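J.: Start from the sequences and build out the full structure, keeping to the hints where you can.
Heads up: the sequence shown is residues 96 to 233, going by the numbering used here.
Simulated from the structure, these hints should not be mistaken for laboratory data.
Remember, predicted model here, so these are calculated numbers, not experimental data.
Mixed in with the good hints there might be a few duds.
To be verified - Pair by pair, the computed Cβ-Cβ distance ranges are:
#: 1; residue 1: Asn164; residue 2: Thr135; range: 18 to 24 Å
#: 2; residue 1: Ser112; residue 2: Gly210; range: 26 to 32 Å
#: 3; residue 1: Gly202; residue 2: Ser123; range: 17 to 23 Å
Positions of the beta carbon are idealized from the N, C-alpha and C atoms, including for glycine.
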Amino acid sequence: MSETESNDSAATADVLSSGQEIKGQLSSSSDRDVFSITTTSAGTLKIDLDTPTYSTGNYFSVILWDGYNTIASQSTGQDTSFSAGVEAGTYTVWVDSSTYYDAGEYGLTVTSTAGNLSGVETESNDSAATADVLSSGQ
Numbered sequence: 096m097s098e099t100e101s102n103d104s105a106a107t108a109d110v111l112s113s114g115q116e117i118k119g120q121l122s123s124s125s126d127r128d129v130f131s132i133t134t135t136s137a138g139t140l141k142i143d144l145d146t147p148t149y150s151t152g153n154y155f156s157v158i159l160w161d162g163y164n165t166i167a168s169q170s171t172g173q174d175t176s177f178s179a180g181v182e183a184g185t186y187t188v189w190v191d192s193s194t195y196y197d198a199g200e201y202g203l204t205v206t207s208t209a210g211n212l213s214g215v216e217t218e219s220n221d222s223a224a225t226a227d228v229l230s231s232g233q
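T.: If you want it as structure tokens, here you go:
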């Protein structure tokens, strides 16, 4: 599966299926590719980015966004993977160039796994009222 243009905003995002890779390519240093995925229950979203580069320089920036806040993000010049705890809802993944630019094809896979959020950091947890609960020994 390949991305479609113009998918450069949340309103025109390509819809992802959990665990299915989509191929994309940034056409310029100002291009942004936007994807959305909907989860039906709380759990984790794992983001895997397969880059055409293998560099310590930051060629790609990947952002997981809930419509209000950045949930997780990474800038990289090589393959990367990261996860975040999420509630049920629709999330947006943004891929754009970072410090440097590469026009090669990348692969993006977002996998939703339902489960208990105990022991998983969630956003927004930036106040006492929204703090994640910790259990002793975990």
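J.: Compare the structure with each hint and give your call.
T.: Results of checking the hints against the structure:
no.: 1; hint: Asn164 - Thr135: 18 to 24 Å; result: 21 Å, holds
no.: 2; hint: Ser112 - Gly210: 26 to 32 Å; result: 19 Å, violated
no.: 3; hint: Gly202 - Ser123: 17 to 23 Å; result: 20 Å, holds
When the structure is compared with the earlier hints, a violation turns up for hint 2 alone.
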